[in-house]
Every structure is written in structure tokens, then in C-alpha cells.
Amino acid sequence: MVICLVIKPIVTYKGDRATISSNTSTLVNESALITANFIMIRKILDGLTILSTILTLGILGGSFVTYRYIQSPQLQQKVMNKILGEVKSLLPNLLDKGLPDMTGPSVGVPKGKDWTKF
Numbered sequence: 003m004v005i006c007l008v009i010k011p012i013v014t015y016k017g018d019r020a021t022i023s024s025n026t027s028t029l030v031n032e033s034a035l036i037t038a039n040f041i042m043i044r045k046i047l048d049g050l051t052i053l054s055t056i057l058t059l060g061i062l063g064g065s066f067v068t069y070r071y072i073q074s075p076q077l078q079q080k081v082m083n084k085i086l087g088e089v090k091s092l093l094p095n096l097l098d099k100g101l102p103d104m105t106g107p108s109v110g111v112p113k114g115k116d117w118t119k120f
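Numbering (this note's numbering) for the sequence shown: 3 to 120.
Check each hint, because a few of them may be wrong.
[As the list claims (entries may be wrong)] Per label pair, the in silico range of CB-to-CB distance: (1) Leu59 - Ala38: 31 to 37 Å; (2) Pro107 - Ser74: 50 to 56 Å; (3) Ser74 - Ile46: 38 to 44 Å; (4) Gln78 - Ile46: 46 to 52 Å.
Derived from the structure by calculation, the hints contain no laboratory data.
Note that the Cβ used here is the ideal one computed from N, Cα and C, for glycine as well.
The whole structure should be built from the sequences, with the hints applied where relevant.
And the structure:
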């Protein structure tokens, strides 16, 4: 807000015409321009605030939906079926290579120690 102190009258009249002194009109124009700039800056800031609020709510909503989807039993079942399908396709090949045809004799337990006490 611009405060102006003018000693001479702001408006003078000559007949039916009103004239504003040049000093006063300049101050009035400058204060109007400053006020218009503040209003425009305020509108821009309000728009940015609204945009920021929308983005924040979108991120929070998306995070909530993603969390609920990950915790759903349908997704867990789908992932489990996919993993088991991969394991089943690999399992027969591993068992064929890993199991021996013949095993050796059993290994006895050494005598003399009481293995029941820990």
C-alpha cells in the first residue's frame, strides 16, 4: 500500500472539468500497477497451491491402492502359482542329476559317549 501526502489539492476544477495534478496521477498509477502485480502473483501462487494439493493427493491415493493390491490374496496366489510353475519345470531335471543310483553302508554312532545329554 502506498501512502501519499500531498499538500496541494489532488483534484482541481476549472469549470466543469476536473484535472488531477501530474504528481498525484503518477503515484496513483504506480500504486495501481503494484496492486495489480500483487494480485497476479497471488493468483499464480493459488494455482500452484491447488496443483500441489492435487499431486499430493494423487501420490497418496496411488500409494494406498498399490499397498492394497500388493496385500491382496489374488496377487499373492498369482505370484505363488508363477513361482511353483517355474520350480516344477526345474525340479525333475535337478532330481535326475542329484540322486545317486546306489548308496553306501550306514554310518554308525561312536560308542562311549552319552548322546542324549546336551
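Numbered hints the structure breaks, given as an ascending list: none
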